[in-house]
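Novice: Chain by chain, the residues:
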Amino acid sequence: MSSNPATSPAELAGEPNHARRFGLTWLIATVIATPLVIVLLGPILPPGKATEQAAGQVTDNTVLLGMATPVLLLVVIYLVYASIFFRQPKGGVLEGPAVRGDARIQTTWIVVTSLLVLSLAGYGTVRLLADNGAGSGSGPTPLTVPAGPKLPVQVIAQQWAFTYRYPTYGGVETPHLVLPVGKMIELHVTSLDVIHSFWAYQLGVKADANPQIDNIAFVKPTKVQSFEVRCAELCGLWHGEMFDHGRVVTEAEFETWIHEQQTRFAAATKSLPPYSTTYQPEPTRRGG
Amino acid sequence: MSTTAAAVSTPAPASRPLWRRLIGFNLLTAVLLGIGGYYLGWFIGHQIKGSSFHNQVPSSENDVALLLAYFFGVIGFLIGLGFANYPVSRMLGRPASLREKEQEGWGRYFGLCTDHKVVGIQYLIGIGVFFFIGGLNAMLIRAELLHNTPTFVGPGQYISLVGMHGTMMMGMMTSGILGPFANYFVPIMIGARRMAFPRIEALTFWLLMAAGFILTSTIFFGGFPTGWTGYEPLNDQAVMGMDSYICFFALVGISMCLLGLNMMATIITMRAPGLTWSRLPIFVWSVFATSVLMVLAAPMLVATLLMAALDRTINTSFFITGGGGSSYLFENLFWFFGHPEVYILALPGFGIVLELLPVFTRKPLWGYRLAVSGMLGVSLMSFFVWQHHLFVSGINADLRPFYMLSTEIISIPTGFIFMCVMGTLWKARTSFTVPMLFCLGWTFNFLIGGLSGVFLSDTPSDTTTHGSFFVMAHFHYTIMGGLIFTFFAAIYYWIPKMTGLRFNERLAKLHFWLMFVAFNSTFLPLFVLGMKGQPRRVSEYAPNLHGLNVWVSISAFVLGFSMLIFLANAVYSLIFVRLKAEQNPWRSKSIEWQVPTPVPVNNFEQIPVFDSDPYEYGVPLTVGPGQTAPAGA
Chain X
1 MSSNPATSPA
11 ELAGEPNHAR
21 RFGLTWLIAT
31 VIATPLVIVL
41 LGPILPPGKA
51 TEQAAGQVTD
61 NTVLLGMATP
71 VLLLVVIYLV
81 YASIFFRQPK
91 GGVLEGPAVR
101 GDARIQTTWI
111 VVTSLLVLSL
121 AGYGTVRLLA
131 DNGAGSGSGP
141 TPLTVPAGPK
151 LPVQVIAQQW
161 AFTYRYPTYG
171 GVETPHLVLP
181 VGKMIELHVT
191 SLDVIHSFWA
201 YQLGVKADAN
211 PQIDNIAFVK
221 PTKVQSFEVR
231 CAELCGLWHG
241 EMFDHGRVVT
251 EAEFETWIHE
261 QQTRFAAATK
271 SLPPYSTTYQ
281 PEPTRRGG
Chain B
1 MSTTAAAVST
11 PAPASRPLWR
21 RLIGFNLLTA
31 VLLGIGGYYL
41 GWFIGHQIKG
51 SSFHNQVPSS
61 ENDVALLLAY
71 FFGVIGFLIG
81 LGFANYPVSR
91 MLGRPASLRE
101 KEQEGWGRYF
111 GLCTDHKVVG
121 IQYLIGIGVF
131 FFIGGLNAML
141 IRAELLHNTP
151 TFVGPGQYIS
161 LVGMHGTMMM
171 GMMTSGILGP
181 FANYFVPIMI
191 GARRMAFPRI
201 EALTFWLLMA
211 AGFILTSTIF
221 FGGFPTGWTG
231 YEPLNDQAVM
241 GMDSYICFFA
251 LVGISMCLLG
261 LNMMATIITM
271 RAPGLTWSRL
281 PIFVWSVFAT
291 SVLMVLAAPM
301 LVATLLMAAL
311 DRTINTSFFI
321 TGGGGSSYLF
331 ENLFWFFGHP
341 EVYILALPGF
351 GIVLELLPVF
361 TRKPLWGYRL
371 AVSGMLGVSL
381 MSFFVWQHHL
391 FVSGINADLR
401 PFYMLSTEII
411 SIPTGFIFMC
421 VMGTLWKART
431 SFTVPMLFCL
441 GWTFNFLIGG
451 LSGVFLSDTP
461 SDTTTHGSFF
471 VMAHFHYTIM
481 GGLIFTFFAA
491 IYYWIPKMTG
501 LRFNERLAKL
511 HFWLMFVAFN
521 STFLPLFVLG
531 MKGQPRRVSE
541 YAPNLHGLNV
551 WVSISAFVLG
561 FSMLIFLANA
571 VYSLIFVRLK
581 AEQNPWRSKS
591 IEWQVPTPVP
601 VNNFEQIPVF
611 DSDPYEYGVP
621 LTVGPGQTAP
631 AGA
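Residue numbers (our numbering), protein chains in the order written: chain X, 1 to 288; chain B, 1 to 633.
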């Protein structure tokens, strides 16, 4: 690899300074496009700001988009620039400059991409830990556990429905998920048969439901609203039908609702197995 | 050059009458023995599970029977093709049959042939057929998604279609470039007369064809509900169609592993004098990097599927929680293969792009060493990232920062490839031929694929996009936009060498532009759909996503139509009109263009001696071709 600058005959004949022209084009495009992308696309990025974790993800997505934009522009503008200016004339048999590399440019590229990549990984780690798993399923012993009181809710997946158990309310099990606003929720996701995935889009929560595994995700709703729940891991015939709606309500409404459920399902609750983090799955062979 | 062929050829087999030629080891015998083996296995399976076990199993649920049927069917098929002839006759001390070394005639293309150029063509046609079957599945999927509730396929058929499409593409296309182009050109490019193990080379092809047939046969056994990942315990619960999946992927794994071993052995041991590692064409380097992955990753897949098959048949419980197994184990094992697998698909594409760019830009490859280290870096790193597929599964959650880091790091060597592309384009004299257009298309597509991968590698962001259409769009950008675009680049570039014919350029350009525009119009909106919460593998979606889905479906049909243009062009240009190609239409300095077309059976009369890499383009011009041309070329 020689590090000599290219001196092609064309350049000697007074061709424009391509490096400067391309560099300026890219710089101007980046300076204009990046803030625009952040300002215009940032607010509409998923999954919205209904929970602390979802809002964290929006911030995260905005940062990633802001970092991806200059890279996208660099390569795309380069391709367009090269396609316009570095052409073979029609029917021509001209040769390009015999340059096999440039140590300085290569070193710069390696250093810059490495720094970019390492900072992205660092930023992702900080966000993951700061948001207590950022709504993702973090296994039975999460690395970071939010301080303060938490409301445990168990999500039990089976083919092809979710049920929800509230251990602090006598282990009552309900077919719909209702959560109080402003409280840290500790979701324990498990499955009774195959692998499912609990995905509450507006809450920014996704946690796989594995048989005999207690997969914990933390989420703190900040807005009163309804949200979608659906299965995000292919789980068999009616996987597509495995969706439902949940609600985030005020604390008072939640108390009323949960006591209603307790009386309504009192008989059923008695016949349920005692609350535990996981349950022995039914034999799954050729079940469905 | 052609004198070598005549001198060594066996006493003209073509003169025998047709009926006599049909008896012997050929495709017909293979099919018959395959069917025979299938029913033998089916019978044995019923003897085992039907009577000796206390429970009588209906034949629609007898996994033992189906797996044995496939096993014996494949064995019969291979024996029928003549794969047992050589070892058996050697064991008996008899001279080996030379039928597989037949050097003339169309018959070679329909049976066991050890000529690497014949195997290359066989691969191209065989893989092409299954690529179109997989593509048809995609069309059906998009047709179903025209409406947000099930219309013409039920939920079970829909997930089977999705599984068939994914498995067909991920399985058959692993050899999409290595099969046809590496088999054909690597020996020529390194100045060898053949591959290191010609019989194994033929075996990889016929194993793959048997595999493709087995996967297609899943429709007779109820399909499979798991998608291409085959997750347990759903896998264990599924009907008999699942056995087709298991058998298919195991055969693909064996074929891949053998193909990789063969390539590595060939590239390491059979390079011509002077062809040092630093002069090796970059395509050969990419084949080498891919082969390392194939050899190391594929056995993991075969072992995993064997465990799954045992779980299904003799009630072991590797993956069944109730029996002490773990569904996590399957996810771990599968993705330990599965992530290298996606680089097995992507890496040969890097090689094609970097190999073709110097030819069409009339410049040497910019940053050769960097490109090589990029490919080897990707290939090494791809073994350290697999748990990023499991960020929300709860598995080893404490290690997620590590997997985030390793996944981000893999974009550094990938970036090297981009730098080499950009460096080569700088101040180039680019001719926008069809192969070049496909290479530029790759650059754009893989950029989008790579940048969307940054979102997925970041756990907080992945929480929403995981398992959604976002992931689906991402890997279609890297695999379809990466592999398939370069697959076509390679076809347009090398067909004049392989056949002496060329494509109609106008139709070819129409194919590219339609494919490029329709591809982006199909998959860019899928990022939006994924971010809005549309999950993968589901035929029902929220009504507010309907409009965009219709747009995507129509674009997908246009994309499918562009493939028909390619087919029509192939039939028109290569079969009917037979447009004659020039000896070296691209003015390439690579050695495969210096040997005569069609390439003689033994490639070279005299093994060439190399004194440079094949990228001696540009001013100051070197005198004469870059490497010593073979005598007589």
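Hints in this document: simulated from the structure, not taken from any laboratory. We treat Cβ as the ideally placed atom computed from N, Cα and C, and that holds for glycine. Don't take every hint at face value.
[Stated by the list, open to error] So the derived list for chain X, only partly shown, Cβ under 7 Å to chain B, looks like this:
1) 39
2) 42
3) 46
4) 57
5) 100
6) 103
7) 104
8) 113
9) 125
10) 207
11) 215
12) 222
13) 234
Novice: Evaluate each hint against the coordinates.
Specialist: How the hints compare with the structure:
no. : hint : result
1   : 39   : violated, 18 Å
2   : 42   : violated, 13 Å
3   : 46   : holds, 4 Å
4   : 57   : holds, 5 Å
5   : 100  : holds, 5 Å
6   : 103  : violated, 10 Å
7   : 104  : violated, 12 Å
8   : 113  : holds, 5 Å
9   : 125  : holds, 4 Å
10  : 207  : holds, 6 Å
11  : 215  : holds, 3 Å
12  : 222  : violated, 17 Å
13  : 234  : holds, 5 Å
In this structure, the hints that do not hold are numbers 1, 2, 6, 7 and 12, in rising order.
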